[in-house]
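**Student:** Residue numbers (the numbering used here), protein chains in the order written: chain A, 1 to 273; chain B, 274 to 565.
Keep in mind that the hints were calculated from the coordinates and are not lab data. Careful: at least some of the hints might be erroneous.
Partner residues are not named here, just some residues of chain A that face chain B (Cβ under 8 Å, in silico) [to be verified]:
#, residue
1, Leu14
2, Phe99
3, Pro116
4, Ile151
5, Met208
6, Met240
7, Leu267
Reference listing, derived: stretches of chain A covered by chain B, where coverage requires no fewer than 3 residues with Cβ under 8 Å from a Cβ of chain B [what the hints assert, rightly or not]:
#, region
8, 25–35
9, 39–50
10, 58–68
11, 84–97
12, 183–193
13, 219–231
14, 255–261
Ideal placement from N, C-alpha and C gives every residue a C-beta, glycine not left out.
Letter by letter, the chains look like this.
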Amino acid sequence: MKRLPASLVVNALLALAAAVALLPLLWMLSVSFMRPGEADSFPPPFLPRAPSLAAYKELFAHQGVGRDFANSLFLASAATALSLLFNVTAGYAFAKLRFAGRDRVFQILLGALVIPGQVAMIPLFLMLKTVGLVNNFGGVLIPAAAGVFGIFLVRQYALSIPDELLEAARVDGASEFRIFRSIVLPALRPILVTLATFTFLATWNDFMWPLIVLSDDRLYTLPVALASLSREHVQDAELMMAGAVVTVLPVLLLFIALQRYYIRGLLAGSVKG
Amino acid sequence: MKRDRAGWIFVAPAMTIIGLFFFLPVAAAFVLSLTDFDIYALADLGNLRFVGLRNYGELLANPLFWQAVANTLYFVVVGVPLSIAASLGAALLLESRLARFKGFFRTALFAPVVTTLVAVAVIWRYLLHTRYGLINYGLGEIGVRPVDWLGDPHWAMPAIILFAVWKNFGYNMIIFVAGLQTIPEDLYEAARIDGASALRRFWHVTLPGLAPVVLLVSLLTIAGYLQLFAEPYVMTQGGPAQSTVSILYFMYEQGFKWWSLGMASAVAFLLFAMMLAVTVIQLAIARRRGML
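Required output: the full structure, derived from the provided sequences and hints.
**Tutor:** Shown next, in the form of structure tokens:
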């Protein structure tokens, strides 16, 4: 008799929380299909009277959002590739290879997690300016290429590779690179997906650093372009929502497809978000 | 010996990048904060002078800097407990034995976390619109007069906090869910047999079991919230009446609007010092209470 109301309360609260979480996103989607000016009325409409692609056409034809999308896609993909290249070898070596100074270096790396990234931004900006990488995709990518979090993530996972497996290969005369390629990489595959998802989402969503490094609007990423667009087009709710859809939808879909891997990384990395 | 070399070869590329593009700039930031690096030095390094701690002195005498510190602390002091409470509440609901469709609810509640901050801040700017926004419309339905959320200095920061809680609670929720799963079921059984109510079970079993997770989550959340930047940049541009200028927003304007890069570096270092102090204090309290 007491069971039913309790379960009703729990599920109703969950449904309410989910509605709060999703409503802004659904509203964004709905308004993006409204005609110019339609959202500015009272009471605020939930659904478009006649769905229209006007806002998307304006965005892609006149605001250059197609180019921003391509920039974001390129940068996020390139950062992901670089991060896989550099962090995975390092993470594996910190877990499984013995070399002088290994533990001390790793300690220093972990210590660096308390330093907020913004401390490095101003000198980094000046350094990159000297070598001509400001207003250049290289400037966005270089700091994203290797990171303590990625190394830590891979190391934690690599610790579980049995030493016997590696020793056996060494006894058979396999080189360290060969072992890495044919034993370690396949064993690390799940964490590689995690690292790739994390890096892609982080680079796609990043705002402050690309805002600082990129000043030419032809190089803007979606978040930077959207922020600048929103300062010029405050009145155009439909246009801005279409821009938000173009920015948010790809990462949301990617997350839904790979959420198992993403959540694993989140839990492993709760030493540093 | 061979493995020694292999190890170094494997870590060298990543270490070079991190050393060159993180550790070096951090050290340089400190040196920079002791200079008057400005737009003239940007044009010609000959104009650069060493000024000792003058930047820090000027900052501590600058009311706008203190305003930025106060705004950021307001965001942290109100926003972090609200965020953690929302995360914990959502986690408890998700982990309830009575909950249905857990997979769907977990994904739905987590969705705001993976969205692009700038894009959802833009959405919320419209939701918070005084005349056409859904939030005032909803409040109007229950008889509350329209609030000028982003235009009133008293409401702008609460509005940003509301937005930040919505955007972030899913992250800690996942960590709490994992934490809840480590609390042994026997403890709940024993409490139930002793006739403890749900509230008492939460107070005497769940909370003590979660204490280390709460500590971790609050450390991470405070550090994250101290780095407030994109929300005011997109939603309020620091206004109205500088009520949402955060420390990083102040740093960004000093550095990249006025090109006072020496001063901006000093701001970055003071933020770092604050984060370090908060972490040390929290760990000390935790240690005294026997949580570590």
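**Student:** Look at each hint and say if it fits the structure.
**Tutor:** So, going through the hints one by one against the coordinates:
| no. | hint | verdict |
| --- | --- | --- |
| 1 | Leu14 | 5 Å, holds |
| 2 | Phe99 | 3 Å, holds |
| 3 | Pro116 | 6 Å, holds |
| 4 | Ile151 | 6 Å, holds |
| 5 | Met208 | 6 Å, holds |
| 6 | Met240 | 5 Å, holds |
| 7 | Leu267 | 5 Å, holds |
| 8 | 25–35 | holds (count 4) |
| 9 | 39–50 | holds (count 6) |
| 10 | 58–68 | violated (count 0) |
| 11 | 84–97 | holds (count 9) |
| 12 | 183–193 | violated (count 0) |
| 13 | 219–231 | holds (count 7) |
| 14 | 255–261 | holds (count 3) |
Hints 10, 12 from the list above are not met by this structure, while the remaining hints are.
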